[in-house]
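*Asks:* Residue-level listing of the chains:
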Amino acid sequence: MTTTWDDLVGAALLGTERRTPPTRPREGQDAAGALLDAAAVHTVQRRAALLPVAARARPAAAPEDGRPALPEAARRRLALLLADRAAPGGGRRGSAPDLTELLPQWLAAANARGYRAPAALLPELLEAARARSDVRPAALALAGPRALWLARLNPQWKYALRASPSASGGEPGADDRVWQEGLLAERSALLVSLRQRDPDAARELLAGTWAKERAEDRLMFLDVLGERLSLSDEPFLEQVLSDRSRNVRAAAAGLLTGLPGSALASRMTARARACVAPDRTSGDGPRITVEAPHECDSGMQRDGIVAKPPSGRGERSWWLGQLVEAAPLAGWPARFGVAGAAEVVALPVADGWQPDLHAAWCRAAVRQGDAEWARALLGPAASPPAPDVASWKDPAKLLSALPPGERAGWVAEFIAVHGLPEAFRLLGTCAVPWAEPLGRAVVDALDTARDAGGYPWSFSGVMGLAERCLDPSEADRLAVPEDASGYWAEAFERLVGTLRLRATMHAELAG
Amino acid sequence: MAGPTVGDMNCQGERWTAEQVLALAPDAASRKAGAKLAGPGPWSGAGACADGGAGAVWGECKGSGSKPYRTVVDLGGQGGPGFHCSCPSRKFPCKHALGLLLLWTEGEEAVPGSQEPPPEWAGQWLERRRQREERPAAREAGAAAGDAEAARRRAERRAQRIASGATELEQRLADLLRGGLASAEGAGYGQWEETAARMVDAQAPGLASRVRELAATAGAGAGWASRMLEECALLHTLNQGCLRVDRLPEPLAATVRARVGVTTDTAALVASVPPVRDHWLILAQRDGDDGRLVTRRIWLHGRETGRMALLLSYGAVGRAPELSLPVGLSIDADLVFHPSARPLRAALGARHAAPVPSPAPPPGGGAEAALRTYGEALRDDPWLEAWPVVLSAAVPVPGEEGGGAGWQVADAEGESALAVDPRCGDGAGLWRLAAVSGGRPVPVFGECGHRGFTPLTAWGPQPVAL
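Chains A and B, in that order, are what the protein sequence lines are. Numbered by the numbering used here, the letters in the first sequence go through residues 68 to 578 in order. Numbered by the numbering used here, the letters in the second sequence go through residues 1169 to 1634 in order.
One should not assume that every hint holds.
Said to hold, decoys possible - These stretches of chain A come out as covered by chain B in the derived footprint (C-beta under 8 Å, 3 or more residues):
no., segment
1, 70 to 78
2, 92 to 102
3, 118 to 131
4, 433 to 441
It is worth saying that the hints were derived from the structure and are not from the lab. All residues carry an ideal CB built from backbone N, CA and C; glycine is no exception.
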């Protein structure tokens, strides 16, 4: 038969009334029937004779991942955690644990044990990391080299290549090429990783192209130098103090302030000392007098002092605050002839300057990470927060300057005295799992709140934190009382359930 | 009172995996809700016992009300596991049953194996369910003799209706070909929908769905005319077969009847066709949903016979079909194949032992062999869209950006590849296949047809559903 399929299709398209098909009808059959018969034979012949297509270039094999596979139970757990992400949430939380919130913990624990992700779950992991930047680094670490291999094949997952510095390969000169030609995110990732490995090399890489960078990029790259800052960065940062962009200048000044031995720090010290001095002339013992600066000269501005105050603030107190914040705290006790931070903080301040001065010291303590000053400024956790003090003292920020154990202790004491309503932000600063006595204090406070007939949803923030942060061994102390009303019972059940689940998760990862 | 069938069970049984349990869930929301209940928190009095295919799990789940929900799952049974829960949910299985099973998968500590019979409330239900299962066999034997004459008359009437439907459809096709496919392009769905409805009236649902397919093909995408002529020609052949069904050899006649939509009652089938006993490896399970009905397809491969089989089960939307066989297990069971020139569809008969893990893939071939298998199957059943095949070592090749070229599964070596069915799109399953392969050849099971290859399971080396 010489009739081709195309002949048949052509006839069918136009219709047998317009074009006589290249087929001969059997007796009693019309042209359409004959065309259909012929087409059926052709169709089955065509289908039965299908041949393979030419294979395109196969992807190169993914690099081996030598890490051990997850224990079976942990693999199933990960599948459940990732499946939960895929299903839309919403509605009342009920008494079941919120799995979405447990994924970051699970990932951190799995990474700490050095496992590799199961290959079949890599797409879900990449999707989770794409949607949630908070789990991205941990998810990509677990996903490992095969996920990067996969991400190269799928444009949806390009983000993973940018987020991962190792993706650039590591052959010599690769860093330079990425820095010269890469996308902003790739360059940024490169700078971050290089700064970790070799701080000086990272700074030199940045200095090499500094003049060509856009102002917003300069600002972002400068931020990277905050990691592993040392005095060898000082010359570069001093140069940047003359940058065209005010924001960049301010950022450089900020970094130099964090370097206690820097020239900028000593210039600031001199300026601050000119403004803040001991006063032994008054009859009531030593106190602090403040003479705020009268002008903000070009030297001060070059060192990062912002001349124009926000509206509603006097410019002299604005300048003073910035000076004191940028001056190293270590010099103050000697200035007032006392032993340490606590004594300085206890000194009275003349003429109502105390809020300005203490607020600046608070910012300095946080910025310089000075535990002694933070401790002194925080004061005892049990003391009632004075209303006029609350405006400038931010305990959550000051706590971040304390070592973790002390932080937990302070917050525990605070909760024991003041209860939970103000504790949410403070709890957020504490390391997970909560160290004793913090966990116990939270549990006791929750018990108290429940017994006092409070509404559980007023505590939902703290409850949520407790589910994620309490040590799982606390679950046994958290028996749900028989007489608890429905919502409290549900909230406690979820808390206990989540803690047990976390304990199970860790046990599964232990194998 | 717990009956002996339940009480006598010993309690050593293989626990399922979480995937097996999640495969039972009717939808994603249920999976999520079930996963949330899979902690010890809300459960009390949970226990399990298992022997062979007839285990059970039970427990009480504290909900928002004062009375806990009582949940019991029968793991055995001919038609797959059974669920019972005192909650008001209309999902089936409900989240409590899923949560309980997930908890049970975690092991002895989560849900202990019980030497005691289950509590009375659970035992009673299990008992009733198992009695129900034994009953149909008895009923069928009695019913067969008396109704034979009536059934024959019914079948005759139906055959006449179908024949008149097929005749009418032949007329429609001839009209279409006379006027030309080009004129059908703009005609819209209206008249085809009417024709489809008339085929439903003629008790030929198979013809009706082909008519709807045809309507959807008109004007859809490049090369639609060629595809439409193919469909018209195959439908024409089916009509002709239908009108001459008495003169066809019996296997082909059975194929035609099945394609037209004349279903065979499973009980009658089991009574009339000798079963094929084998160790059936569960290759894949996949649910399709047309908005009203969930169709679950489970593909099996017989270790001794080398035969492929396909089990179909149905459920209303929101209720998973009852039969669930997890991929990667092998089950020693009888299958009864529906009569056909190329038998594939089967019904599950007696199970001789509980499913056992069987992680290795069946033997397979390359791209060319897969297409040859499909081609050979077409000799017997020209209406086959695809045929299940195992590729022993395939490398997935992702499609090119912008849809210029679709996915392929390439042989480990050489120039040959199968194009992936474009209807798989750029889906999650394909990316999972790529992840499992990591650029290296892996065994893949799927359906190979004229539209391309649809991957369903890959072994890496554990089986992974795609």
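*Asks:* Compare the structure with each hint and give your call.
*Replies:* These are the hints, each one checked on the structure:
1. Against chain B, the segment 70 to 78 of chain A contributes 3 residues with a C-beta closer than 8 Å to a partner C-beta. That satisfies the three-residue criterion, and the hint holds.
2. With a threshold of 8 Å between beta carbons, the proposed coverage of the segment 92 to 102 of chain A by chain B holds, since 5 of its residues qualify and at least three are required.
3. With 12 residues bearing a CB less than 8 Å from a CB of chain B, the segment 118 to 131 of chain A meets the requirement of three and the coverage assertion stands.
4. Only residues whose C-beta sits within less than 8 Å of a C-beta in chain B count toward coverage, and the segment 433 to 441 of chain A has 0 of them, not enough to reach three; the restraint is violated.
Comparing the model with each earlier hint shows a violation of hint 4 alone; every other hint is respected.
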